[in-house]
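Number of protein chains: 2
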Amino acid sequence: MSSIKTEIRSGAYYDSVILMQLQRSLADLPTVIDAGVVMGTEANKDLLEQSGLLVDEIKGANADDLVIVVKAENEKKAQKALEQVDDLVAARRSRDAVDQEFLPKSQESAAKTLPDAKWTLISVPGRYAAGVSREALRLGTHVFLYSDNVSLEEEIALKKKGAEKGLLVMGPDCGTAIINGIGLGFANQVRKGSIGMVAASGTGLQQVSVRIHQLGRGLTHALGTGGRDLTSQVGGLTARMSLELLDRDPETKVIVLVSKPPDPEAADGMINFARGLSKPVVINFIGYASTLQQIDNLYFTTTFDDTAAAAVKLADDSKLTQEEEDLHLDQFNSGQKYLRGLFSGGTLAYEALLILDYYLPTVYSNVPINKEYRLKNSLVSQGHTIVDLGEDEFTVGRLHPMMDHELRIRRLEAESEDPETALILLDIVLGYGSHPDPAAELVPAIKTARSKAKKAGRYLEVVTVISGTDADPQDMKSQEEQFLGAGARVFHSNDAAARFVGRLVRTLEGKEAQENSESFKPVDLESLTGEFSAINVGLESFTESLLAQNVEAVQVDWKPAAGGDPDLMALLEKMKG
Amino acid sequence: MSSIKTEIRSGAYYDSVILMQLQRSLADLPTVIDAGVVMGTEANKDLLEQSGLLVDEIKGANADDLVIVVKAENEKKAQKALEQVDDLVAARRSRDAVDQEFLPKSQESAAKTLPDAKWTLISVPGRYAAGVSREALRLGTHVFLYSDNVSLEEEIALKKKGAEKGLLVMGPDCGTAIINGIGLGFANQVRKGSIGMVAASGTGLQQVSVRIHQLGRGLTHALGTGGRDLTSQVGGLTARMSLELLDRDPETKVIVLVSKPPDPEAADGMINFARGLSKPVVINFIGYASTLQQIDNLYFTTTFDDTAAAAVKLADDSKLTQEEEDLHLDQFNSGQKYLRGLFSGGTLAYEALLILDYYLPTVYSNVPINKEYRLKNSLVSQGHTIVDLGEDEFTVGRLHPMMDHELRIRRLEAESEDPETALILLDIVLGYGSHPDPAAELVPAIKTARSKAKKAGRYLEVVTVISGTDADPQDMKSQEEQFLGAGARVFHSNDAAARFVGRLVRTLEGKEAQENSESFKPVDLESLTGEFSAINVGLESFTESLLAQNVEAVQVDWKPAAGGDPDLMALLEKMKG
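Listed in order, the protein sequences are those of chains G and X. Under my numbering, residues 1 to 577 are what the first sequence spells out, in order. Under my numbering, residues 1 to 577 are what the second sequence spells out, in order.
One thing to keep in mind: the hints can contain errors.
A pair counts as met if it fits within one copy or between any two copies, since identical chains are not told apart.
What the hints assert, rightly or not - Each computed PhoX-like pair below joins lysine-lysine, with the alpha-carbon atoms no more than 25 Å apart: (1) LYS376 to LYS77; (2) LYS59 to LYS376; (3) LYS112 to LYS59; (4) LYS253 to LYS376; (5) LYS45 to LYS376; (6) LYS160 to LYS80; (7) LYS192 to LYS477; (8) LYS160 to LYS455; (9) LYS59 to LYS5; (10) LYS576 to LYS165; (11) LYS337 to LYS77; (12) LYS371 to LYS559; (13) LYS574 to LYS112; (14) LYS192 to LYS371; (15) LYS192 to LYS253; (16) LYS452 to LYS337; (17) LYS576 to LYS559; (18) LYS80 to LYS313; (19) LYS521 to LYS161.
Read the hints as simulated data drawn from the structure, not as lab findings. These numbers were taken from a predicted model, which means no experiment stands behind them.
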């Protein structure tokens with residue numbers, strides 16, 4: 001019969017590499033059948049049970065207790081194995097320790113050893129992580145906080161402190177970052193390039209960066225934020241600081257933003273923030289469904305492959321920056337603010353509403369997307385209005401407005417007399433079945449409306465979408481020239497026209513896309529682009545990884561202060577100030 | 001003082017071209033200030049009011065009444081203008097009538113005049129339209145039903161009748177179609193090409209077809225369905241028949257499906273149907289947000305421009321048809337059916353869940369998309385399971401599974417012993433920070449699991465995603481070879497791996513994508529590709545358009561039967577059988 005022996009060490013601190021190595025060493029002893037070395041959490045006890053290692057003695061252990069279990073052929077052998085624990089730990093320690101002549105005992109002395117270090121990597125157990133992070137911020141370094149099991153309250157407090165000081169708090173539970181080619185935590189060796197990343201998702205960041213590399217392109221920097229950054233409570237503070245930073249980085253041409261699906265309000269906030277940036281941003285909020293795949297500088301994607309492909313395509317595109325449009329806003333009278341769209345095509349009206357929803361808070365219509373914004377009376381505009389004059393209500397015993405312009409001309413006249421009207425949007429649908437010469441009827445009406453407005457001291461912008469082909473019976477080219485001759489703008493794409501109108505009216509309202517009132521001190525760009533060096537507290541393998549990448553790093557020989565006693569630790573921290 | 005005179009003609013039938021022309025003729029008389037000629041609907045009375053033409057006498061008119069209003073300088077002149085109404089109508093009629101020697105008085109005689117006509121275009125007022133459509137179906141023609149104001153019940157009945165007979169009922173309120181280059185109703189002159197369209201949206205169809213033309217490509221056919229086809233009540237019957245038809249058309253390479261946002265259940269039904277087709281389908285349900293932009297043969301787009309661009313791109317792509325994969329299903333034991341995904345990367349697990357949601361009804365997880373499908377115990381799989389072993393619950397005092405494979409190896413062993421497990425999915429994340437040689441630990445475990453399964457008469461498929469670059473410290477090539485050597489499949493994209501796994505497990509469950517049990521008689525392909533000719537009932541301009549396109553068309557000199565009396569009309573129709 002085999003025998004199981006256990007030992008519980010209360011409040012003992014070993015880092016998890018040591019625990020793994022100890023477990024392996026015990027299991028490798030010739031007399032041992034199986035072994036477990038874990039902290040006494042419920043999940044870990046369940047795991048021990050699955051392996052048949054959960055005995056009564058350890059059922060009462062708690063999360064702070066180190067539990068060592070050995071299963072051997074007999075009691076004596078099990079006991080003997082247990083007695084080797086300290087020797088095994090000592091042996092592993094001396095063999096694997098980072099090859100560093102002097103291991104500073106505190107972050108402060110590490111900072112003195114490496115005064116240029118701008119980063120601290122932290123991977124101590126969750127309950128100690130906030131304290132270590134506070135110390136890192138106090139010492140003026142950015143924090144790469146790998147530890148998980150850190151409370152939301154502590155995360156918020158740390159990020160606020162960082163925002164005040166212009167320091168990034170990446171994490172908790174941040175597994176990955178690449179700073180100027182140097183990987184922190186889990187990170188792939190990815191080619192240098194022109195794509196920057198911000199991710200609230202460790203393996204999402206890794207997979208996208210790897211796919212970008214596989215596509216032959218590369219990264220400037222990739223900044224992790226921790227998985228909870230884009231919740232409404234945290235509000236994406238680290239993501240915002242990171243996006244703003246990459247937007248200033250001259251090497252970054254395109255930014256990728258990846259996250260598990262954020263809370264809807266946090267998503268909206270992030271989207272608005274990203275829309276205020278000057279660079280294209282590819283957004284993959286995994287599982288987030290967007291009603292437009294592109295709006296202004298934002299590109300929505302749904303999988304990591306699409307995300308990498310879209311970023312690469314944008315990075316390869318030479319004309320990335322949107323041309324500054326001259327919207328001639330000074331021509332408008334100060335009371336002019338509203339859009340009036342008079343459509344003959346129902347689905348064109350609907351598409352325009354869909355697109356304008358990204359520009360204007362409220363557009364009234366007789367075919368509204370949101371029923372709240374239904375026009376009280378289809379014949380009378382309210383605020384911004386898109387009316388579909390081809391709706392059934394208008395076509396009883398009456399020709400469709402694509403054949404008969406009577407209704408539109410009367411409405412055009414009424415709208416142009418409204419001193420609040422700034423812009424009239426008209427669709428001109430050519431082709432068989434439609435009016436044989438729309439310009440003949442609409443152009444005089446436009447001319448009259450515009451000159452009347454002018455006399456009244458207003459500027460009336462008329463935007464037309466001509467939907468037709470060069471083979472249509474109406475002679476599209478001549479139609480276009482006539483509308484241009486009346487001072488109207490002409491688009492051939494409803495999509496493009498709606499976006500133009502959206503930008504114009506939004507700007508007229510003084511509501512710029514960018515409302516990024518910065519609630520943080522901007523991060524010094526030099527943190528990314530300067531010589532990299534870091535302090536590491538926790539997993540020694542992270543220091544080893546940094547050294548393998550030929551950068552300076554110092555491992556802190558960290559132990560919980562005051563033997564891990566929470567009250568004493570808090571007191572010590574307070575004394576430091 | 002000006003004077004307004006009115007006349008009401010009850011139950012009089014004039015088509016709406018006549019009404020428009022009469023209104024114009026009256027308004028053009030030198031003595032007339034303004035005129036209105038409309039059916040007496042509430043909307044039309046509101047319009048008259050806006051033009052200052054609504055007088056008390058006509059406030060009581062109803063929708064069947066023709067209302068004529070004239071505003072002139074004085075009473076006498078107004079009266080005089082009114083007296084000219086019949087002459088004006090007669091003059092217009094003789095001038096504009098279709099140039100056709102013999103105008104058949106009934107659809108039946110029109111069908112005798114043009115026996116090869118496969119299409120009837122109908123644009124009579126809504127209250128007569130269902131009867132005319134039934135007659136068209138009885139005569140064996142497809143119906144292009146332009147009329148609006150037709151009830152939902154009538155639409156459903158007509159479409160069911162059409163489905164029985166293999167005849168399309170396009171509409172009611174269908175404005176647009178292109179059959180083999182011939183435009184019906186409102187349609188642009190669009191180049192011939194390899195893109196087919198189905199649209200529950202008239203100007204949507206026009207705008208997309210125009211954009212395709214502008215991009216230098218063209219259409220095979222474009223089939224309108226009417227705006228209500230994709231509601232849950234109608235269930236997209238016309239859209240299904242049209243999609244199935246275009247799927248059989250050898251000239252159509254890519255299909256575009258456009259609609260205003262359908263009811264969610266109707267959308268799901270259409271998506272499933274389209275997924276069962278053999279050709280790529282570009283779907284734009286305007287305002288519909290999809291959590292994946294592409295799945296199997298489906299491509300989701302959000303604006304008409306994107307839709308045209310995607311269709312053109314697919315039409316230009318030479319390798320469109322998905323290669324038939326050999327999934328080696330015969331290797332599996334009949335009891336094997338479940339996927340077990342053991343992830344170390346949290347967001348990789350999440351992306352896999354998102355993609356698998358399109359293949360499998362239920363996947364359990366400790367990080368589920370839908371909380372209903374949370375694993376009761378993260379340590380025990382249920383049905384299809386994706387488990388993220390990097391979740392906080394597993395990492396207290398334990399290394400992350402990207403560094404320590406202990407947990408995954410134990411779980412792999414347990415899963416492989418489950419006789420219902422068919423497939424194990426593993427992510428292998430390379431790079432700094434990760435285990436220096438994952439293959440060294442996982443490959444022996446895979447080999448053992450597969451050989452144990454084999455001994456038990458089962459075939460265990462192991463799919464791995466290696467997320468890494470050729471520059472990573474682990475030597476990706478050698479890692480890949482070791483996994484391949486153990487008989488595992490290797491992907492470098494999590495996206496591609498999840499889709500492969502989805503297809504395999506779905507097929508194993510016997511649930512094919514296509515469940516298109518056809519509830520209709522398929523439409524004869526010859527209807528589209530054969531010589532085009534049509535019967536037109538209603539707006540004469542539609543016949544003129546057809547003649548202008550050099551095809552045979554016959555205008556029916558239609559008047560409502562029995563003077564438009566609903567009961568008598570029903571009786572007459574019944575007698576015809």
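Non-conforming hints, listed in increasing numerical order: The structure conflicts with hints 1, 3, 4, 6, 8, 11, 12, 14 and 18, although it agrees with all the remaining ones.
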